[in-house]
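Visitor: Use these hints to put chain W onto chain A, whose structure you have.
2 protein chains.
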Amino acid sequence: MNRRPTLAVVGATGAVGAVMLQMLSQHADVWGEIRLVASPRSAGRKLAVRGEEAEVLALSEEVLEGVDVALFLVPEEVAAQWAPIAAAKGAVVVDNSAAFRLDPDVPLVVPEINPHAVRVRPRGIVASPGDSTLALIVALGALHAEFGVDEVVVTALQAVSGAGQEGVAALRAQLSTVAGTELGAHPGDVRRAVGEDTGPFAAPVALNVVPWSGAPAEGGWSSEEAGLRAETRKILDLPRLRVVATCVRVPVLTTHSLSVHARFEQPVTVERAHEILATSPGVVLYDDPGAGDFPTPADVVGTDPTWVGRVRRTPDDERALEFFVCGDNLRKGAALNVVQIAESVVSTLRPESGKRPEFGDS
Amino acid sequence: MNRRPTLAVVGATGAVGAVMLQMLSQHADVWGEIRLVASPRSAGRKLAVRGEEAEVLALSEEVLEGVDVALFLVPEEVAAQWAPIAAAKGAVVVDNSAAFRLDPDVPLVVPEINPHAVRVRPRGIVASPGDSTLALIVALGALHAEFGVDEVVVTALQAVSGAGQEGVAALRAQLSTVAGTELGAHPGDVRRAVGEDTGPFAAPVALNVVPWSGAPAEGGWSSEEAGLRAETRKILDLPRLRVVATCVRVPVLTTHSLSVHARFEQPVTVERAHEILATSPGVVLYDDPGAGDFPTPADVVGTDPTWVGRVRRTPDDERALEFFVCGDNLRKGAALNVVQIAESVVSTLRPESGKRPEFGDS
Chain A
1 MNRRPTLAVV GATGAVGAVM LQMLSQHADV WGEIRLVASP RSAGRKLAVR GEEAEVLALS
61 EEVLEGVDVA LFLVPEEVAA QWAPIAAAKG AVVVDNSAAF RLDPDVPLVV PEINPHAVRV
121 RPRGIVASPG DSTLALIVAL GALHAEFGVD EVVVTALQAV SGAGQEGVAA LRAQLSTVAG
181 TELGAHPGDV RRAVGEDTGP FAAPVALNVV PWSGAPAEGG WSSEEAGLRA ETRKILDLPR
241 LRVVATCVRV PVLTTHSLSV HARFEQPVTV ERAHEILATS PGVVLYDDPG AGDFPTPADV
301 VGTDPTWVGR VRRTPDDERA LEFFVCGDNL RKGAALNVVQ IAESVVSTLR PESGKRPEFG
361 DS
Chain W
1 MNRRPTLAVV GATGAVGAVM LQMLSQHADV WGEIRLVASP RSAGRKLAVR GEEAEVLALS
61 EEVLEGVDVA LFLVPEEVAA QWAPIAAAKG AVVVDNSAAF RLDPDVPLVV PEINPHAVRV
121 RPRGIVASPG DSTLALIVAL GALHAEFGVD EVVVTALQAV SGAGQEGVAA LRAQLSTVAG
181 TELGAHPGDV RRAVGEDTGP FAAPVALNVV PWSGAPAEGG WSSEEAGLRA ETRKILDLPR
241 LRVVATCVRV PVLTTHSLSV HARFEQPVTV ERAHEILATS PGVVLYDDPG AGDFPTPADV
301 VGTDPTWVGR VRRTPDDERA LEFFVCGDNL RKGAALNVVQ IAESVVSTLR PESGKRPEFG
361 DS
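Chains as they are written, first to last, in the UniProt record's numbering: chain A, 1 to 362; chain W, 1 to 362.
It cannot be assumed that every hint is accurate.
Sample of chain A residues facing chain W (criterion: CB under 10 Å; computed from the structure) [claimed, not checked]:
1) A159
2) V248
3) V252
4) P295
5) D299
From the derived model, a few chain W residues whose C-beta atoms are all more than 12 Å from chain A [to be verified]:
6) V30
7) E76
8) P84
9) S97
10) P104
11) G141
12) E182
13) Q266
14) R272
Hints in this document: simulated from the structure, not taken from any laboratory.
This one's a predicted model, so the numbers in the text were calculated from it and none came from an experiment.
We treat Cβ as the ideally placed atom computed from N, Cα and C, and that holds for glycine.
If we strip away everything but chain A, and leave its shape as in the complex, we get (with noise of 0.2 Å):
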């Protein structure tokens, strides 16, 4: 197309927002207008974007009228139901929520991953994974090119912005409850002292881990487990691929941490993964743990790449390894995903107008 596209971003107010207009601002500026929308309740703030107050617009059909791109960084429910007037109006739109991720006529991309999957959209819309997938996907992805992936066992240890401002703001008040006191030694004594307000968690996440993250799924699973589970099939077109997670919440209020046993095709030596991870996009290799090197979410938050570290050949397995991964949720576990994708879907637009192809055309 001539004219730069005009962007959306559908939930500018969010957690996952606050990020995404902080990219837009670094990245290079492949944008035309930007339009900032949220729900009604947010609407008429000022937030900046590029170095400019923008207004923020209630969500409507209006005002998605000429966008080209509408990136959704909202609940999945308001997803389910904006995203496809948006593509009815023309944009494509590059979804955060799980609404779609699961639909067989919308990709799930990671752009280190499977780049050409943004090009096929049959429903105008794409699918960012979720951030727990994202923390994993990359690194594992890398692996898997080299040696095939065969299962993957992980346990997700998720920070609290991964259930959005909500989030954050149950782990600060709930700290500041415990933080001086002697809480914590007794049974449920944090509980009490936090009362019934859990926030968006099943139970007090101060001083506690909670394993449990998302809605009931079948057989004993919750949503975060089944998704990670059922995207990482997606994403590496590898629908038998046997993949288990547990998703457990922990007092962190930003980058997920994922203990994976992954075991592969071919054997595998920690030598030869070091040189895969250190040279690929999106990872850095942190593995010195004699020094002190691996990552902790205090040191990665704020960082776009996935942090590698305590690679470890499984003991008893020639084909296994363990490693430990870190992943800010709310940059590569969300914005900076949705932001690669979006740039990415530029180069694929029709010329003369901001139609999607059914095949990239570019």
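Guide: Frame of chain A; chain W shown alone:
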């Protein structure tokens, strides 16, 4: 023996010692004299046990004279030096440190799993496993008895009191630094606020998780990870069992949580696993996530059993289960298992003296 045995609690003033004195006051009283022993630094302090004040004695050869059973709740290097001295003086030593756990002449005992092992103690020493192994083994052992365990992949979320009172003090101090601030949103901000002194941990633990605990072992493993593997094999008497662990320190005061993937020789069902766990001594089954029922450290701390929830059949493997366990690392993970061992030792003491038998002759 006719008189009631004399007990020494070596390390009475530590984090585990404090819980031990509580337990000795609550359990059926099988002991005659109880001597409280600690480093010379703590000697002279008065502590309550069985409703009476007792003065803490400095560890010395003299203080170990005439002791029938000596509980060692001290760091590994102190146990390595003093446990053989106590044993040479005729005491049966029950050691909570890692010093003797893998010694082939020292039994490693969990009374629910291998009670018979306590009777064969050629060095006069019985070892209690590490706190993470103890959080795992009672539930795993119960499932193993039915299904035959074949492979275990564990991520252990370790509470700070596993590193002693220093660990507790470090987390409390760090929480006071971060509570009520905006810290945790930028790379390194928690690290800068906490400063160089991170206590016994390799990185700040407030608003963070630290994928390292213990000392470096071969192959990139931490001593805690290597220990969990070797101890599980020894207790279950399965020297070739595939076991792999990742240990992560989390900002929880007390109670370790383990995310477990376990594969068995026989096909498994959640229903049968529930039946086994619901009827196993030392285990509480707490597994109805829809009703908010799963174990968390905040609820489990201060209780004796291992709590198990989130039991799921691994989707691609009819022989594997995922589950989540929580166990108080100061109780079953340390003091409780030690006192259980000590109580079982009493019946094996020779009638006329505290001398150890090669084989039990109660």
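Visitor: What hint numbers does the structure not satisfy?
Guide: Hint check: 12 fails alone, others pass.
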